[in-house]
Structure formats: structure tokens, C-alpha cells
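Protein chains in written order, with the numbering used here: chain A, 22 to 179; chain B, 5 to 569.
Because the hints were derived from the structure by calculation, they are not lab data.
Quick reminder that beta carbons are idealized off the backbone N, C-alpha and C, glycines included.
Don't take every hint at face value.
Some chain A residues near chain B, calculated using beta-carbon distances under 7 Å [unchecked claim]: (1) Asp47; (2) Gln89; (3) Pro95; (4) Val96.
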Amino acid sequence: MSENSERRVVSVIVINEASVLSRITDLFSGRGYNITSLTVAPIPESKYSRLTIVTSGSVRVIEQITKQLHKLIPVLRVYEHADMVEKEMAMIKFPASENLSDIQALCEAYNGKIVNAGENTIIAMVADEPKRINNFLKAIKRYNPKEIVKSGAVALER
Amino acid sequence: MQISGAQMVIEAFIAEGVDTVFGYPGGAIMNVYDEIYKQDKFQHILNRHEQASVHAAEGYAKASGKVGVAMITSGPGFTNAVTGLADAYMDSIPLVVVSGQVPMSLIGTDAFQEIDAVGISRSCTKHNYLVTDAKDLPRILKEAFYIARTGRPGPVHVDIPKDVTAQIEEFDYDIELDLETYKPHTKGNPRQIKKAMEAIANAKRPLFYLGGGIINANAAYEVREFVQKTGIPAVETFMARGVLSHDDELLIGMLGMHGSYASNMAMSETDLVIGLGVRFDDRVTGKLSEFAKNAEVIHVDIDPASISKLVNANYPIVGDVKNVVIDMLAQIEKIDSDNYESWRETINNFDELHPLTFYEDSERLKPQWVIKRVGELLGDDANISTDVGQHQMWAGQFYPFTRPRQFVSSSGLGTMGFGFPAAIGVKVATPEKTSINFTGDGSILMNVQELMTAVEKKIPVINIILNNNFLGMVRQWQTLFYDKRHSETDLSVQPDFVKLSEAFGGIGYRVHTKEEFDAALKDAVEKNVVAFIEVIVHRMENVMPMVPSGGSLFNMMLLEKKESK
Ligand SMILES: Cc1ncc(C[n+]2csc(CCOP(=O)(O)OP(=O)(O)O)c2C)c(N)n1
Ligand SMILES: [Mg+2]
Numbered sequence: 022m023s024e025n026s027e028r029r030v031v032s033v034i035v036i037n038e039a040s041v042l043s044r045i046t047d048l049f050s051g052r053g054y055n056i057t058s059l060t061v062a063p064i065p066e067s068k069y070s071r072l073t074i075v076t077s078g079s080v081r082v083i084e085q086i087t088k089q090l091h092k093l094i095p096v097l098r099v100y101e102h103a104d105m106v107e108k109e110m111a112m113i114k115f116p117a118s119e120n121l122s123d124i125q126a127l128c129e130a131y132n133g134k135i136v137n138a139g140e141n142t143i144i145a146m147v148a149d150e151p152k153r154i155n156n157f158l159k160a161i162k163r164y165n166p167k168e169i170v171k172s173g174a175v176a177l178e179r
Numbered sequence: 005m006q007i008s009g010a011q012m013v014i015e016a017f018i019a020e021g022v023d024t025v026f027g028y029p030g031g032a033i034m035n036v037y038d039e040i041y042k043q044d045k046f047q048h049i050l051n052r053h054e055q056a057s058v059h060a061a062e063g064y065a066k067a068s069g070k071v072g073v074a075m076i077t078s079g080p081g082f083t084n085a086v087t088g089l090a091d092a093y094m095d096s097i098p099l100v101v102v103s104g105q106v107p108m109s110l111i112g113t114d115a116f117q118e119i120d121a122v123g124i125s126r127s128c129t130k131h132n133y134l135v136t137d138a139k140d141l142p143r144i145l146k147e148a149f150y151i152a153r154t155g156r157p158g159p160v161h162v163d164i165p166k167d168v169t170a171q172i173e174e175f176d177y178d179i180e181l182d183l184e185t186y187k188p189h190t191k192g193n194p195r196q197i198k199k200a201m202e203a204i205a206n207a208k209r210p211l212f213y214l215g216g217g218i219i220n221a222n223a224a225y226e227v228r229e230f231v232q233k234t235g236i237p238a239v240e241t242f243m244a245r246g247v248l249s250h251d252d253e254l255l256i257g258m259l260g261m262h263g264s265y266a267s268n269m270a271m272s273e274t275d276l277v278i279g280l281g282v283r284f285d286d287r288v289t290g291k292l293s294e295f296a297k298n299a300e301v302i303h304v305d306i307d308p309a310s311i312s313k314l315v316n317a318n319y320p321i322v323g324d325v326k327n328v329v330i331d332m333l334a335q336i337e338k339i340d341s342d343n344y345e346s347w348r349e350t351i352n353n354f355d356e357l358h359p360l361t362f363y364e365d366s367e368r369l370k371p372q373w374v375i376k377r378v379g380e381l382l383g384d385d386a387n388i389s390t391d392v393g394q395h396q397m398w399a400g401q402f403y404p405f406t407r408p409r410q411f412v413s414s415s416g417l418g419t420m421g422f423g424f425p426a427a428i429g430v431k432v433a434t435p436e437k438t439s440i441n442f443t444g445d446g447s448i449l450m451n452v453q454e455l456m457t458a459v460e461k462k463i464p465v466i467n468i469i470l471n472n473n474f475l476g477m478v479r480q481w482q483t484l485f486y487d488k489r490h491s492e493t494d495l496s497v498q499p500d501f502v503k504l505s506e507a508f509g510g511i512g513y514r515v516h517t518k519e520e521f522d523a524a525l526k527d528a529v530e531k532n533v534v535a536f537i538e539v540i541v542h543r544m545e546n547v548m549p550m551v552p553s554g555g556s557l558f559n560m561m562l563l564e565k566k567e568s569k
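Next up, chain A with everything else stripped away, as it sits in the complex (with noise of 0.2 Å):
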């Protein structure tokens, strides 16, 4: 798999019915395909539900993965994103004893804010693409992080 191995993001829409997820997952298992990051919510006012997969591989791997996704017998279209915004969330909590401002003013930077401020801690979000989180995460560093939590991406075809 390590050929030109490429990162590559997929959508899936299936039907929201018991274990497809595990319908999913098992195909990636079974088949060796690797998974960044996966995301699953149901579609608002439908019987759907989307996955975002990141995953990676060879141009023919890629191919393969969205042709066995599509001959899963509840999946309804799988799309092999070219063109698209993508995006991740990322929730970090630091000490309260950090500097406010300074990490209020990096999360603005990166589409996010200071969601929580406690006695303790204080919880940041961001949303952004995923290589800009990243970035962040590594920024924020030096600021101590006691926890960080990402949400895995999605993504839509522009």
C-alpha cells in the first residue's frame, strides 16, 4: 500500500439501519484499508445517514475501497472527493492558569473562539481544515494543553 499511497476522503450514504456501521468498518478490516478519521451522523429528515472517511491509499486501493463500499447492499452513493471544503473540529482544555487572551487570539485565527472558561480550566474550539488544525495544535503547545479531542473530518463537494 505504500505506492504513491495518498490521502483521500470519502462519503458514504447509507441507510440508517442497525449495524451498517459495522458493515463498514469490517469491509476497511477485512480488506486492510487503512482509516484516519471517521464520522457518522444521520442525514436530517431521511432515512440516511452520512459517513466521511479519511482514508489512504494507492490510486487502485482508492478505487477498490469506493467499489466495495457501493457493493454494500445499504449503501446508497459513495463519493470520491476531488473538489470540496472540508472541515474538522477540535476542543482543547487548558490550565486556567494559561494566558487567556493569547489563546483566545490564536483560536480566532483558526475559526474559533474560548467556549468555556471555569475555575480550573478553560475548554477552546476550533473548526478549520485539517491541516490547520494541526497547525494549531501544534501552536497551542506551548500554552500546556491538558486535553485535546477532534472530531474527524467532513467534508462536501463543491
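Given chain A, put chain B with the ligands in place with the hints provided.
Showing chain B with the ligands alone in chain A's frame:
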């Protein structure tokens, strides 16, 4: 009509035209068995192991072209059946397998005979269902049969908790299926078909590569016409045996690991592969980077995921092989069969150089002779099943197949123990044909209890045991690649196969000579009862030619030439 879930299963089977169910009862499926007892629309065959029930359903499905049906209980009943599901999945065999499950209220509690059946079958079925409400049962059963037989066929598993089989609901099977997420496309793209036909017309050394998908699509006779009218030579996969008749002049033979020299050389020299219902299995292609290296590829298959999975297709055509071949036949005038005259000659020369053959031995019968001999004596009158091993490959090489659905063998999974129960299913589906199972002294013991099934139901399968006192195929690899260290493959200690068959109420023969063999086969066919014919064959015979695993198709080990007869 207000009926129980169990009755719904029966009614659905009747509506689907099921005439035979293979199965084995137990606690969780008892409600359904109670309804089986009360009805007389289909027969139930009690195999003596659930694995055999599924293999029998596979044999039935392959020989008849219909959906095979098996029924089992929860827990161990289900786990015993898993090998059969996996086998059917690998070979694209349409099945509906119904299993009992513990009642809904006990699911997830590690109840007696509870196992996460749909969790296990997910990766070895085309689709599966856990039914949680009898209201869904008519739709689910109807979908199960539909999904099993359409598109690329495969097994569908329906797991039904015991309380759901007792639940009483309205039954209406006259429903329109609305599967908006499952729509197999069956018509090939006309533009691609046109381009493919032009590629064939321009090729100098085209080659048909025929696969089992042709048989699934019931397209063998269209393919025969296509081959005839184009004059293009053809190779068959193991699964495609019988698509062309063995005496078709354009049939070169079987290709792959144990393919004929001419077939494998033709594939290595062709400039255009015309793949119909194939999947470029590693046992066929050998080393991928060397496979048909100088060729463009036309690939017709119902499964888009098969196309360009392993070998890039220059002309991918997704569709039902039958429809596509019919569309291609409509443009046949583009192709001039004379163009391929010298190519056909080249292939004939390959065949003359190293024909597919074997050398007889004065001491013991050769297994290949036995298979050829059955072909001479029974030919078209027999349907052939096999187990797995050397005898299986020799059956593929030497039996003179004349028609599709004549040959049933576990190809993708290579399941020892498949042959005998499959031959039972074949006989049930095609009672007018003699049902022969070529098996080995190793394989036959893996479902030997089916003697009881066959005897009880008077299903006269003739098992021809090619006894080499070895797990022969593994022994062959050990001889060739492990410096003759025959680790755990010597089967010198054996049952008395004649008495074994007799103990169950069958008949048995042990034969050493050609005369004895002819007499035994004739007698078994005449008596028309369950039989074992144990043939003592040469122990160290190897299946040749052989492409060593991972090697290039054209680098074959060949039969050592002998001067004597
Ligand atoms: C269930 C199962 N276990 C193990 C194997 C591996 N295997 C493949 S061929 C073979 C030997 C079969 O021996 P036999 O039935 O006597 O046939 P022969 O090769 O001697 O003709 C074995 C063990 C298999 N294919 N299936
Ligand atoms: Mg043997």
C-alpha cells in the same frame, strides 16, 4: 393472512418455488421445523452435519441454476454452517440460509447456544439480516431471495430469533421490492462494447478468457456462438469448465497453476485478453506483473469491483455477460475469423510440443486414467462434483465436459469435504443424471457422515475415491518445494472404505485394475444406490503442468517426457 413467523418462512419458500430444503434442527429453529412437519409442498433433507447442509444447497444451486436453501439452528448449528457460507461467497453461489437465534430478550446475554451470527456471517455473505420483528419477515425473505440470485449471486443469511418465529402478524408476500440502494446494472455500455469489438477486430492474437460468471449468467450458449463466429481461441478457468464443450476445436484448455502448457502460453503471448465473467484469481494469473504482459484487456463482469481490481482493464464493461455477449454478437460482422489463422496455428504448435497427458504405469492405476475412463463410460450422462486436492485438478484437466452446470467444485475457498454433500445436492437437482463425486482419501472423511443422508433419502451418489494414501496435493508441494519432508501428509492408516460404506447401508468396491474399475462403475450405475468405489492409485503422481506459487504463467514445471507408451 395472520400467521406466525415460522409459517411465514414456509409460505415464503413456497412462493419462491423452493422444492428442497437442506438442514438440521435444534432449539432455536424448532418453531420452523414444526411447520415443516405440517406441510407437504417441499421436501426437507436431513444432512448429518450443518456444513454438509450448506454444501448440498450449493450443489443444488449450481446444478439447477436456482437459489439453494439451507436451515440450521443457533450457536453450533450456525458455526458449523459458516464454512459453507464462505464457500458459496467465494464462488458466487446463490443461497438463502435461515438460522434460528435465541429469543430477542436473551440476545446479548451469552444465553445457551447464543452466538453473534450476523457478526460472523457479515464477511462471508453477500448480505445478512437479523430479524427483530415478524412484521419485517415477508419483506426480508423476499429481499433475501432477490439479492441472492441477482447481480453477482451469493449467499444471504437470515437470522431469526425464536420469539420472532412465534410472533403472529399479517403475511403478504405480494409486495413490490423497493431496494433503492441495490440496483445491479445488467446492460453493458454500448460505447464500450463498440470499442471492445473494434479492439477485437484489430487484434492479431486475441484470446477468450472464460470464467464461472458465464455459467452464473446462463450465457454459455451465447458464448459458444461468439467463439464459433469469431474463430478466436479460448481458455477456460477451472470454474468455467463446460462453458465450451471439450471437443470444441477452439477450446485450448484450462489455464492457471495447473493449466495446460498451450493455455498458459497462449495467455502469455496474446495481444488482447477478452475476459468474460472472470476475476483474475491468483491461481489463474500467477505473477501479476508478467500476466498477459503484451496484451490489452477487455473485461466484462457484473461486479464493478472485479474490474481493474488486479489487472487494469483497457475496455471495462460492467454488465450481465449474457446481455453483453448478445450485444457483441450483433456487431459480429466487424470480425474476420481468417485474421487469426496463424495465431491458431501457433497455439496448436504449443499443444503439440507439450500436450496435456500422463503416462500409465504397469504397477498401479493412474488417477488421471480413472477420470478419463469415467468420461469415456459416462461422459455427458454424468454430473461431476469433486473434493479438493490433486484429484480435483485432474478432474478439471481430464474430464470431457460437454455442458455448463455439469461440474461442481469448491474453487475459491478450496474446501475439503465439499464434494459428497454437493453431489447429493446435484443429484436432487438433476435426478436424471448420474452424480459422480471424485474425491480423495483425505477429503472424503471430512463429510463422510453424508453416507447416512444419501442412504436414508435414496440419493444414489457414486463417490470415486482416488486413494493415494496421501494428502496428495500437500504431499506434492512438500516433494517439490520442501525437499521431500512429507510432514503429516501420509495417510497410510485408513479405514476400510468398502466396509465403511456398507456400515451405512451403501455399497463399496475396492479396485486395483482397469477391468475391476470398469466392472465396479457399471455395477454401481446399474444398482443405482449410494456407492464408494475406492481406486488404489499411484502414490507419488504429481499434477502437471504446475506454475509454482507466485511464478510467471509461462514458467511451468512440465511432465517429464517418457519414451514408453
Ligand atoms: C478443509 C481443508 N483443510 C485443509 C486443506 C488443505 N489441503 C488442500 S488439498 C489437501 C489434501 C487433500 O487430500 P486428498 O483428499 O486425499 O486428495 P489428493 O490431493 O490426495 O487427491 C489439503 C490437506 C483444504 N483445502 N481444506
Ligand atoms: Mg489422497
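Here is how each hint holds up against the structure:
1. Asp47: With a closest approach of 5 Å, the A/Asp47 hint holds.
2. Gln89: holds, 5 Å
3. Pro95: holds, 6 Å
4. Val96: holds, 6 Å
Taken one by one, the earlier hints all hold for this structure without exception.
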